[in-house]
Amino acid sequence: KAGVTQTPRYLIKTRGQQVTLSCSPISGHRSVSWYQQTPGQGLQFLFEYFSETQRNKGNFPGRFSGRQFSNSRSEMNVSTLELGDSALYLCASSSGTGVGNEQFFGPGTRLTVL
Amino acid sequence: AQSVSQHNHHVILSEAASLELGCNYSYGGTVNLFWYVQYPGQHLQLLLKYFSGDPLVKGIKGFEAEFIKSKFSFNLRKPSVQWSDTAEYFCAVSNTGFQKLVFGTGTRLLVSP
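Protein sequence lines, in the order shown, are assigned to chains A and B. The first sequence runs 546 to 659 under this note's numbering. The second sequence runs 1078 to 1190 under this note's numbering.
Next up, chain A with everything else stripped away, as it sits in the complex (with noise of 0.2 angstroms):
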């Protein structure tokens, strides 16, 4: 089974540009989270969808938003980018019901704003 990919890998943008990234879950997978990783503040979770659904939200600007297909891929949009963008942003999937299963992260994208 693949796993969770995500497109582009490393991304260079200049302040007050827009990015979007993208992430295919697993096969099977209807439930894909967000997340920012940066050495300040570590990992923060930005949202999650769920069957094309935002079901969860985390403590981001309106700057930072989201969608998910029909397909269960997700994009992740960020626009108005500040320096302090720069992070890691990571992408998990999990099937999304039951109790406390597990979510498979992505390699992430690395994302440079300059």
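These aren't lab readings, by the way, just hints derived from the structure by calculation. All C-beta atoms, glycine included, are put in the ideal place defined by N, C-alpha and C. Among these hints, one or two may not hold up.
[Stated by the list, open to error] Here are the simulated EDC-like pairs of lysine to aspartate or glutamate, each with C-alpha atoms no more than 16 angstroms apart in a straight line: (1) B:Lys1138 - B:Glu1097; (2) B:Lys1126 - A:Glu647; (3) A:Lys602 - A:Glu620; (4) A:Lys558 - A:Glu627; (5) B:Lys1138 - B:Glu1165; (6) B:Lys1177 - A:Glu647.
[What the hints assert, rightly or not] Not everything, but these chain A residues come out facing chain B in the computed CB check (under 10 angstroms): (7) Gly548; (8) Val549; (9) Ser576; (10) Ser578; (11) Gln586; (12) Gly587; (13) Leu588; (14) Phe592; (15) Glu597; (16) Arg600; (17) Lys602; (18) Gly603; (19) Glu627; (20) Ala637; (21) Gly641; (22) Gly651.
[As the list claims (entries may be wrong)] Listed next, the stretches of chain B that the computed footprint assigns to chain A, with coverage defined by at least 3 CB atoms under 8 angstroms from CB atoms of chain A: (23) 1120 to 1127; (24) 1176 to 1183.
We have chain A already, so just place chain B on it with the hints.
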């Protein structure tokens, strides 16, 4: 709000030494507990998880963790570490039925041969 504390930020051990990494969380409801590992250049992988039942859980690569509800703790242990255990270890908690994981700040483990 939930939070997770990992007390050791950097740990250096020699091969064959025993390992214990501390993890405490701040939520009193029903939680699911996880330890994830991130090897150099690789993505996060699940080491072990606790949902209910036996508080001593065993994971991959000889790791185990003990859930002590009264202490809100979920410490990770390994009797004898190997050089290949060099990695960053993250403790995480979620509410039962929810996908959102709250992570600790991580512990960087360096095992010298």
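Hint check results:
A threshold of 16 angstroms between alpha carbons decides the hint, and for lysine 1138 of chain B with glutamate 1097 of chain B the separation of about 15 angstroms falls inside it, so the pair holds. Distance hint between lysine 1126 of chain B and glutamate 647 of chain A is fulfilled; the C-alpha atoms sit about 8 angstroms from each other, no more than 16 angstroms. Under the criterion of a C-alpha separation no larger than 16 angstroms, the hint pairing lysine 602 of chain A with glutamate 620 of chain A is consistent with the structure, at around 15 angstroms. Distance hint between lysine 558 of chain A and glutamate 627 of chain A is fulfilled; the C-alpha atoms sit about 10 angstroms from each other, no more than 16 angstroms.
At most 16 angstroms may separate the alpha-carbon atoms for a hinted pair to count; lysine 1138 of chain B and glutamate 1165 of chain B meet this at roughly 15 angstroms. A distance of roughly 11 angstroms separates the Cα atoms of lysine 1177 of chain B and glutamate 647 of chain A; the hinted pair therefore holds under the 16 angstroms criterion. Hint on glycine 548 of chain A holds. Least Cβ distance to chain B is approximately 8 angstroms, under the 10 angstroms limit. Of the supplied interface hints, the one on valine 549 of chain A holds, with its beta-carbon coming within about 8 angstroms of a beta-carbon of chain B, less than 10 angstroms.
About 5 angstroms separates the beta-carbon of serine 576 of chain A from the nearest beta-carbon of chain B, less than 10 angstroms, and the hint is met. Because the closest C-beta pair between serine 578 of chain A and chain B is about 5 angstroms apart, less than 10 angstroms, the hint holds. Against a cut-off of 10 angstroms between C-beta atoms, the interface hint on glutamine 586 of chain A holds, since the closest Cβ of chain B lies about 9 angstroms away. The interface hint given for glycine 587 of chain A holds, since its Cβ lies 5 angstroms from the closest Cβ of chain B, which is under the 10 angstroms cut-off.
Among the interface hints, the one on leucine 588 of chain A holds; its C-beta lies about 4 angstroms from the nearest C-beta in chain B, closer than the 10 angstroms criterion. Hint status for phenylalanine 592 of chain A: holds, given a least beta-carbon distance of 9 angstroms to chain B, under 10 angstroms. Because the closest C-beta pair between glutamate 597 of chain A and chain B is about 15 angstroms apart, greater than 10 angstroms, the hint is violated. Residue-level restraint check for arginine 600 of chain A holds (minimum Cβ-Cβ distance to chain B is 7 angstroms; threshold 10 angstroms).
The interface hint given for lysine 602 of chain A is met, as the beta carbon of that residue sits about 9 angstroms from the closest beta carbon of chain B, less than 10 angstroms. Because the smallest distance between the Cβ of glycine 603 of chain A and any Cβ of chain B comes to about 7 angstroms, under 10 angstroms, the interface hint for this residue holds. Interface hint status for glutamate 627 of chain A: violated, as the beta-carbon distance to the closest one in chain B is roughly 22 angstroms, over 10 angstroms. At its closest, the beta carbon of alanine 637 of chain A sits 8 angstroms from a beta carbon of chain B; the interface hint therefore holds under the 10 angstroms criterion.
At about 6 angstroms, the closest approach between the beta carbon of glycine 641 of chain A and any beta carbon in chain B falls short of 10 angstroms, and the interface hint on this residue holds. Proximity of glycine 651 of chain A to chain B holds as hinted, the smallest CB-CB distance being about 6 angstroms (cut-off 10 angstroms). Evaluation of the coverage hint for the segment 1120 to 1127 of chain B: fulfilled, as 5 residues show C-beta separations to chain A shorter than 8 angstroms, against a requirement of three. Counting residues of the segment 1176 to 1183 of chain B whose CB falls under 8 angstroms from any CB of chain A gives 8; the rule of at least 3 is met.
Hint compliance for this structure: hints 15, 19 are broken, all remaining hints hold.
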